[in-house]
Amino acid sequence: MKRGKVWLAAAGVVIDSQGRWLVVKKSYGGLKGQWSLPAGFVDAGETADEAAVREVKEETGVDAAVCGVAGIRSGVIKQDVSDTMIIFHMTLLEEKEPEAHPGELLDARWVTAEELEADPDTSVLLRNIVKLFETSGLACQEIPDPGPQFGYTAYRFFI
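Once you know that position 137 of the sequence shown is 137 in UniProt numbering, the rest is easy, because the numbers rise by one and skip nothing.
Rather than coming from a laboratory, the hints here were simulated on the basis of the structure. Model, not experiment: these values are computed from the prediction. Be a bit skeptical, because a hint or two may be false.
As the list claims (entries may be wrong) - Computed list of lysine-lysine pairs in DSS-like fashion (alpha-carbon distance at most 27 Å, straight line):
(1) K5 - K32
(2) K57 - K96
(3) K78 - K32
(4) K25 - K96
(5) K57 - K131
(6) K5 - K25
(7) K25 - K57
(8) K5 - K78
(9) K57 - K32
(10) K25 - K131
(11) K131 - K32
(12) K25 - K78
(13) K32 - K96
(14) K96 - K131
Assemble the whole structure, with the sequences as input and the hints as a guide.
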């Protein structure tokens, strides 16, 4: 969500059964031509995890479900714009080849961690997320809903 000078984005870490990462190359902006995660702004009326699912699907055609939080990137651009991105760990729902969204992406593909580490086009953030996953053993976990008594229309808890 770009609301004035406060931005909220969501990204998805999707790893297939062969251990390959779903990555994209944007055709614009600061990440143009670099491997990064499928990501985009949260729309009004959706949760951040719903945005991650939507962005992965829109950018690559791949269906995935959120199962945890990989991390949060938080920064300020030019001492003026608050820019936050929640990076979600996702479970692949169906094995398929990604298709790059025309006009927005130069490429979308499955790539091994080793290939990402060796490729000079891998973004700094993605390079560090790959290292984190390799060393931390992050795994998806399910946490139950607290119940209807709170009146949430959307509620999720991720670790």
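We went through each hint and held it up to the structure:
1. K5 - K32: Since the Cα atoms of K5 and K32 sit roughly 22 Å apart, the hinted pair holds (cutoff 27 Å).
2. K57 - K96: holds, 12 Å
3. K78 - K32: With a Cα-Cα distance of about 19 Å, the restraint between K78 and K32 holds, given a limit of 27 Å.
4. K25 - K96: Between K25 and K96 the Cα gap is close to 18 Å, so the pair holds against 27 Å.
5. K57 - K131: Measuring from Cα to Cα gives roughly 25 Å; hence the hint holds.
6. K5 - K25: holds, 25 Å
7. K25 - K57: Roughly 15 Å separates the two Cα atoms, so the pair holds.
8. K5 - K78: holds, 11 Å
9. K57 - K32: holds, 20 Å
10. K25 - K131: This hinted pair holds, its Cα atoms lying about 20 Å apart.
11. K131 - K32: Within the cut-off at roughly 22 Å; holds.
12. K25 - K78: Since the Cα atoms of K25 and K78 sit roughly 24 Å apart, the hinted pair holds (cutoff 27 Å).
13. K32 - K96: holds, 25 Å
14. K96 - K131: With Cα atoms ~25 Å apart, K96 and K131 stay inside 27 Å; holds.
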